[in-house]
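Work the whole structure out from these sequences, hints included.
Next come the chains, spelled out residue by residue.
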Amino acid sequence: MIRAFRFLLALYPGEFRDEYGRELALVFADRYRDATTAGERVGVWMEALGGVLEEAPKEHARLLVQDLRYATRLMVRSPGFSATAILTLALGIGANTAIFQLIDSVGWRPLPIPHPEQLVEVQIVGGNGGFGINPGTYGGLTRPTWEELRRSQDAFAGLFAWSSREMRVGEISDFHRANGMAVSGEAFAVLGVPPWRGRLIEPADEEAACPSSRAVVSYNYWRRMYGDRELTPDARLRINGQVHEIIGITPPSFFGLAVGENYDVAVPFCRPQQLRAEVFDTMVMGRLRAGWTLERASAYVDSLSGGIFDATAPPGYDTSAIARYKAFRLTVASARSGVSALREQYDRSLRLLLVLTGLVLLIACANLANLMLARAMAREREIAVRLALGATRVRLLRQFMAETLLLAAAGATLAVGLAEVLSRLLVRSLATDQGGPSLAIATDWRTLLFTAAVSIGTCAIFGTAPVVRALRMRADVSAPIRGRGLTMSRRRFSVQRLMVVAQVAMSLVLLFAAALFVRSFRNLVTFDPGMRQQGITVGFIGFDALGISPDHFGDFRRRLLGEMASIPGVVNAATTTNTPLLGSSWTHAVRVGDRENSSRFAWVSPGYFATMNIPLVQGRDFTLRDTSSSPRVAIVNQSFVRQFLGGANPIGRTLRTLAEPQYPETVYEIVGVIADTRYNSYRSAMQPMAFAPDSQVPTQGPWAAVMVYGTGDAAVTAATVRRALAARYPQMATEFFPFQARIRSGLVRERLLAMLAGFFGVLAAALVLIGLYGMISFGVAERRHEIGIRIALGAERRRVITLIMRQALGVLAIGLALGAAIALAAAPAAATLLFGLEPTDPATLVSAAVALVAVAALATYIPARRAARLNPLIALRQE
Amino acid sequence: MSPRAPLAEPGPESFLPLPRDTFHILVSLADRDRHGYSVMLDVAERTNGALRLSPSTLYASIKRLLSQDLIEELAERPDPRHDDERRRYYRLTRLGRRVAVAEARRLERLLSDARATGLLPKAKVT
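Each protein sequence line maps, in turn, to chains G and V. Using this note's numbering, the first residue of the first sequence is number 1, and each one after it goes up by one. Using this note's numbering, the first residue of the second sequence is number 880, and each one after it goes up by one.
In short, the hints are calculated from the structure, not lab data. Hints may be right or wrong, so weigh each one.
Cross-link-like lysine to aspartate or glutamate pairs, in silico, EDC-like; alpha carbons within 20 Å at most [stated by the list, open to error]: (1) V/942 with G/228; (2) G/58 with G/19; (3) V/942 with G/18.
Here are some chain V residues pointing at chain G (derived, C-beta under 7 Å) [as the list claims (entries may be wrong)]: (4) 911; (5) 916; (6) 917; (7) 926; (8) 928; (9) 929; (10) 938; (11) 939.
Just so it is clear, CB atoms sit at the ideal spot from N, CA and C, and this is done for glycine as well.
Structure (C-alpha cells):
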C-alpha cells in the first residue's frame, strides 16, 4: 500500500519529493494503520489520491513561475542579447508563418460553406487530354454530360454544375471585366449558401431563354459598385451587353468556388438552341448522399460513364477522336477546398519556400544556440556554485528551458504580428497588371497552432545545446578557473562547431537555391522565343455592335489593319486567331501523306511573320491574293517539316486537317516554311505549327486579335491605337496591352521565387557570417594565453592568422561537403520550377560555394587579425 | 521620519486573513511541537473530524509556512523514547505565534461584532 502511495508521489516535482516525500509516506502509513474498517481505508486512499492530484500540479506551477521570474530577470539584465534573440526568432518564425498562411489559404482551407467535407466534384479520370475546346481555367465536363449526370443522382444528396467565365460589365464603350459564374439552378441550395439580400438563383431561373436576364452578385462586388446602397427591385447590370436584373446578393463569406478568384457576378445556366458537346467548360459538383463514400460514388459514376459518353459524343469529329471520347471514365474527387488555378500554379513553389524559410529558421536557431551556449559558459561559475550547493541538474535544466521558453514565446508573439504583414506583402507581390489574387489571409487557430508548433520545435533546437552543456558541468567551483589552461580543450566547443557545420551546410543549400532561381529568372527575362516581343502591342477587338454582315468581317478586319498601320509610330499590324506566348492554344489533328499527328494551328493575316519578326526560311509569305476563294495554302515551321515530312522539302506538299465541329476536313498546300518559335509560353517545347491565311478561316466572327508593331514604347502605342480606334468606332470594344509586359507578368511566380530565394540566401549568408565570426572570436578569446606565448616567442603574425583561420577550414570543408550533398539530393524537386538550367547545375553550386567561402573568409579573418595584433604582455598579464 | 530597519520582520497583519488550514496548523502547534501526523490528528480531533487534512495538503501548507518563517523544523526530537526517530517535528516561530494570535484576535473581533448586532446570542459570562 505504501509502495503504491510512493508511486503516486512521482507526480510531484523532484525537489518537493526529495524534501517531503518520506514524510508524506510516513503520514500516509500512519493514517492507513489507524483506519480500522475497509471503508475507512478506502476513504484514506481517496483522500490521499485527491490530495496529491490537487497539490502536485500546484507545486509544478509554483516552480515554473519561479523559473520564469528568474528568466525574466536574466532577460532584462541583458537587453541586447534578449532583443537580438527575440528579433531573430520573430523574423524566422514570422517568415515561416507567413508562407504557411499563404499555403493554407490557397490550398488547405475548406470552403466557407456548411459541411464542406461533403462537397465532391465529378471528373474525367486523367482529364480529357486536350479533347475539344477548353476555354477556361476551370472545366472538365461538357454541358450535355451534365444534363446526363443530372438524371442519375443516386450517389448524391444534391448535384449542381457551374462554369467560370469572364464577363464584360457595363456599356460597350466603357466596360470592365468581372469574374463571372454561370450556375445551374440547384447550385446555391446544394452549397447551402443563403441570400444576404434578395434571393439567389433557383431552378426556375434556368428555364428562362438565353441570354439570361437575371443575376446574383457577390457582397464584395455589390459594395464595390454600389457602396452602402440597399438592393432594390430596379437594380440592373449590363452584362456582356445584356441588361440583367440583380435578384440578390450572396453573403460576405461566400467568394465562389475558385480560391483566389473571388466571383463577382453569377448568372443562371441558360439553354441555347443547341448545347455544344465539344466545349469542356462545365464543372459538376455535389454533396454525397449520407452513407456514400468517395470510393462508392466513384464506382457509381464509373458505371454510368459508358452510357453518358455514348449519348453525348460531339458530332463532326473523325472516328478515332470519337473513340477516344467514348473511352472517358468518370470519377468523384473531394472538392472540400474548392478549385484553384492559383493552387496548381503556386503549390509547389510555396512548399519550396516553406522549406527555404524553415532552413533560415534552422540557421537562426543554430546562431541562437551558440549565443545561449556562450552565455551558459559565461555563467559557468554561477552554475558550478549552484550545483555545489545542491541544486539538481534537473532543476538547472528546467531553468534553462524556462529561459528558452520565454524567448520563444516572446519571439512567437511578435512573429504572429509580423506574419500578418508579411503574408499580405506576399499576396500583393503576386499581383500583375491584370490584378492579383483575392485571398483571405486570417490569423486563426490553424496559424496559431502552426506558429506554436514551429516555436516549440525551435525552442527544442536552440535550447538543447546549453542544456547539454549544463548537464556536463561539474559541481566544482574551481573548474572554470582551472579551465583557462594553456590550450583550449576541443570538447569544450564541439557543440558549437557542430552548429556552425550545420549552418554552413544549410546556407549552402539556401545560396544554391537562390542562385538557381535568380539565374532561372534571368534566363526567362532574357529569353529569345524566336519572335519579336519588344515594341509589340496586342489588341482584342470586338465589333459585333457595328452591324457588319458576316460576309464583310474579313474586309472590315483588313480595313482596321490598314487604319492601324497608318497611325504614326505604328510600323506593322497583323491579325491572328491565336496569340503566341500568352497561354492560349489551338490544335488540329493533321495528316501529311501517311503520317497523322496533331499540330498547332492559326490563321494569320499577310504580314504577321514580318510583324513578329519570324524569319521565312523557305517559300513565300501569305499575300492579299490568298482569299477565301483561292486554293487553301499553309506555311509550316521547321519542327512541322521534321515531324511530318522527315525533313524533306515541304513546298508543294499538302497537309490535311481532320474534321472537327465547324472545321471540316480541309486540304492545304504548303507554300512556305518559317523558323521555329516557342508556342504559348517560354516553357513550351518547339512543336509543329501550321499557319493559314485569315481569309481562309472556316468560321468568321465579329472579332479580331491583332499584333501591332510600333517603334515607340509598347504601352504608348497601345494607348495611341486604342484612342484612335475609339474615336473612329465608338461602338467597338477594344483592349490593347504591351506584349512583353504581359508575358513578364506571367512570370510573377518565377519573379517571386527569385526574389524570396535570393533574399533568404543573403540572409543565410549573413547568419553564417555572424555564427562563424562568433565561433572564431570565442576560440581566440579562449586561446589568448596561448597566442600571447606564441607571439612572445617570436611567432610571425601571419602565422598566427593562418593558425586561427585553419580552425575555420575544417568546419567549412565539412559544412560545404554536407551542404553540397543535401543540395544535389534535394534539387530535382525544384526541376519544374526552373528555366533554362538543370537543377543540379554544377556551375551554380560552385558559385554558391565560392560565395560562402568568401563570407567565411571574411568572418574568420577579422578575429584572426585581432588575435595577431594581440599584445603578448597584456595577454599574459591577464592570467 | 524614522529610518527603516534594513531587514524588518513583516508585520503579523500582513499575513491576515489566514487560510483555514494554515490557522488550524498554527493552532495545533501552539501548545507543543508536533510531527506531521500529530498535527493531522490534532486538527481532526479539535474540529470533530470536520476538517481532515490529506497528507498532500498538510505538507503543501507546511512547506509554505516554512518558507514564510511562521514555523521551523526542529533539529532534535522532543521525545526520542516514544517517537520514531525519522519523523520531523515542527514548532511555531516567534512570528508564527504573533500571526496566529493576530488571526485569533481578528476572529474574536468578528465574533463580537456579530454578537453586538444580535446576529449571535451574547456570550455567557462564566
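Checked hints:
1. V/942 with G/228: Answer violated: residue 942 of chain V to residue 228 of chain G is near 66 Å, above 20 Å.
2. G/58 with G/19: holds, 16 Å
3. V/942 with G/18: holds, 13 Å
4. 911: This hint is violated: residue 911 of chain V lies away from chain G, its Cβ roughly 18 Å from the closest one there, beyond 7 Å.
5. 916: With Cβ-Cβ at 4 Å, under 7 Å, it holds.
6. 917: violated, 9 Å
7. 926: violated, 15 Å
8. 928: It is violated, given that the least Cβ distance between residue 928 of chain V and chain G is near 11 Å, above 7 Å.
9. 929: violated, 14 Å
10. 938: Since the shortest Cβ distance to chain G is 5 Å, the answer is holds.
11. 939: holds, 5 Å
The earlier numbered hints that this structure contradicts are 1, 4, 6, 7, 8 and 9.
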